[in-house]
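Visitor: Model the placement of chain V on the given structure of chain R, informed by the hints.
Residue numbers (this note's numbering), protein chains in the order written: chain R, 257 to 611; chain V, 257 to 611.
None of these hints come from the bench; they were simulated from the model. Careful, some of the hints might be misleading.
Pairs involving identical chains hold if they fit within one copy or between any two copies, as the list cannot separate such chains.
To be verified - Think about it this way: if two alpha-carbon atoms lie no more than 25 Å apart in a straight line, the pair counts; the simulated BS3-like pairs of lysine-lysine are:
id, residue 1, residue 2
1, 419, 596
2, 357, 441
3, 455, 507
4, 358, 441
5, 507, 261
6, 499, 419
7, 357, 455
8, 261, 499
9, 507, 419
10, 358, 419
11, 441, 383
12, 441, 566
13, 455, 441
14, 261, 596
2 protein chains.
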Amino acid sequence: MSELKNDRFLKALLRQPVDRTPVWMMRQAGRYLPEYRASRKDAGSFMDLCMNPDFACEVTLQPLDRYPELDAAILFSDILTIPDAMGLGLYFETGEGPRFKKIVRTAQDVADLPVVNTPRDLDYVLKAVSTIRRELNGRVPLIGFSGSPWTLATYMVEGGSSKDFRFVKAMMYDTPEVMHALLDKLAQSVTGYLNEQIKAGAQAVQIFDTWGGALSHNAYMEFSLRYMQQIVSGLIREHEGRKIPVILFTKGGGQWLEAMADTGADALGLDWSTDIGAARRRVGDMVALQGNMDPSVLYASPARIREEVKTILDGFGRGNGHVFNLGHGIHQFVDPENAKAFLQAIAELSPAYHD
Amino acid sequence: MSELKNDRFLKALLRQPVDRTPVWMMRQAGRYLPEYRASRKDAGSFMDLCMNPDFACEVTLQPLDRYPELDAAILFSDILTIPDAMGLGLYFETGEGPRFKKIVRTAQDVADLPVVNTPRDLDYVLKAVSTIRRELNGRVPLIGFSGSPWTLATYMVEGGSSKDFRFVKAMMYDTPEVMHALLDKLAQSVTGYLNEQIKAGAQAVQIFDTWGGALSHNAYMEFSLRYMQQIVSGLIREHEGRKIPVILFTKGGGQWLEAMADTGADALGLDWSTDIGAARRRVGDMVALQGNMDPSVLYASPARIREEVKTILDGFGRGNGHVFNLGHGIHQFVDPENAKAFLQAIAELSPAYHD
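The following block holds chain R by itself, in its conformation from the complex:
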């Protein structure tokens, strides 16, 4: 593997000194980019694309080519590859989001689910990782990722997206042993999946707990965080002579940062509802913090975006352990020039916060 030319993202995750605050954007390879829309145009369904390592590589690199300020690449894939590999039949309906052909509702449904064997069942993801890693040629590190067990379970039990999580919460409250059996299979699958991504070349990994914030305090601890902890404990933490940092991101999890830091993760992703200065005071001696500008700020003017960047840099303050990011994925209607203004503001303003 070629030498890493820009390691400020990995260093910041480990709270080591850097020359400026590193930055990447959740969903940076996506529909807001005209080059992405052009690539997708004749390329088949969304899942066909995810399963095509050359396409995944092409779109992963697009934002890096456009924005030299980016300090990391993230694997282009979907969070629902694991339930798909378990045999549920993932597909996408226009305007409806992800759907599954098979739905998991009973103890028998859960018993019938296999634990995913990544090299056999998700080989296309590993090929994408190694292809991207080769094509990156050491420019920036590559982030691997997975959905959290709870987040994956919500889609598997509801059959798709949900507003009230009617069926998955009924399962959780009425038959917690069935829910735990499902989450344990998912945690085993995710652990193997992330470890194989690391072996294939991912240099950091992020666990996306998109729906942990839909849980009560107690339910979050028992049904979401516990399984992320299990995953963190099972991950390869060093590879190719480097530490592999682990980032936990629970959207709506601002009240639970201390417990998240206790998992042994290296960094926590923050959504924009949390004050990053307050978060640093709470857990900054245990973990790095990634975030946390409201992605909707990118609908404002470049001058205003720059002010918001400064507010967050001031909020975190001087010193180590900050990776700049949006608090959630970049929205599809954002002007790419505004994303550029965001990234340039970080590159220009952040050196003053480092020695």
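Guide: Chain V in isolation, oriented as in the chain R frame:
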């Protein structure tokens, strides 16, 4: 006005001793009740219903007739009556939620908006309040309500519901002076609206800040909480010889409870993501707490619902200042028998937490 026979809800909001924890449910007059669906069947559009004081009275009383455990009634109305009265033309598209014929996007749009004169523009709401109050005949107190200025503004600028708040956040970040002008008109309108509801017979009022949780910490303070504070400062706080308690509810506002308590509100509504014991330790010497069971627990079995009720009673602990509620509105697919199990569990279990 007839004497109030059950005042434990009002007492608990003022942190006075009660015999058991009072309870009501957000959206307790609603689609989960077969009698509500029957009443609505031939009654025209949703707005026609809201504008009909007799219908509003009929459906407000339905849950009280079914569930003698309920300790409060809440006015049946919509949170968007104020923007409708400002001339925006509220209507409901099936499956799409609320929409407006006129959308507010520019400084001129905001300048053109009137401040609502409630007796003239929203007389139908005041008639509903006085009708319900008369028909309640002192059984339980009546809660009046309004949406918060920020929450109303999101619908007015987006033209309806939104996922990313694209236009309203662009307005907020790019032209904060326009946003402030809009929010100030709304705060003046809401203050008058709630005061008129109080004069017509509402014995407590709640401000619903459904979308405050979509804001960053700083933006919440500047664009949502500030205007709720302005309203709280302008409310009639005593009427008919009784204190009129004010409840603030920001969904997703668990990180901001201290600042919410500083507004001078009597009580804070909690969604289910916040641990109610931790919330009491933070602000329980300043305000009462209302909440906070996950409404999706009502999809579980009666036995399980009872356990969750006990967990929340234990979480708050012994003593004054707790109103039991769901953390958000009751879902439409809940079995009314499960709502009954919820209410009975509170009536049966909660006396042990009071002297």
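Visitor: Run every hint past the structure and note whether it holds.
Guide: Structure-based check of all given hints:
1. 419 with 596: between (33 Å within a copy, 23 Å between copies)
2. 357 with 441: Within. Shortest intra-copy distance 20 Å satisfies the 25 Å Cα cut-off; inter-copy 50 Å does not.
3. 455 with 507: neither (28 Å within a copy, 42 Å between copies)
4. 358 with 441: within (17 Å within a copy, 51 Å between copies)
5. 507 with 261: Classified as neither: same-chain Cα gap 31 Å, cross-chain 44 Å, threshold 25 Å.
6. 499 with 419: For residue 499 and residue 419, neither the intra-copy (38 Å) nor the inter-copy (37 Å) Cα distance is at most 25 Å.
7. 357 with 455: neither (31 Å within a copy, 56 Å between copies)
8. 261 with 499: within (16 Å within a copy, 67 Å between copies)
9. 507 with 419: both (15 Å within a copy, 15 Å between copies)
10. 358 with 419: Close inside one copy (20 Å), not across copies (28 Å); limit 25 Å.
11. 441 with 383: The answer is within: 24 Å in one copy meets 25 Å, while 57 Å across copies does not.
12. 441 with 566: The answer is neither: 43 Å in one copy and 31 Å across copies each exceed 25 Å.
13. 455 with 441: within (21 Å within a copy, 59 Å between copies)
14. 261 with 596: within (22 Å within a copy, 64 Å between copies)
Hints 3, 5, 6, 7 and 12 from the earlier list are contradicted by this structure; the remaining hints agree with it.
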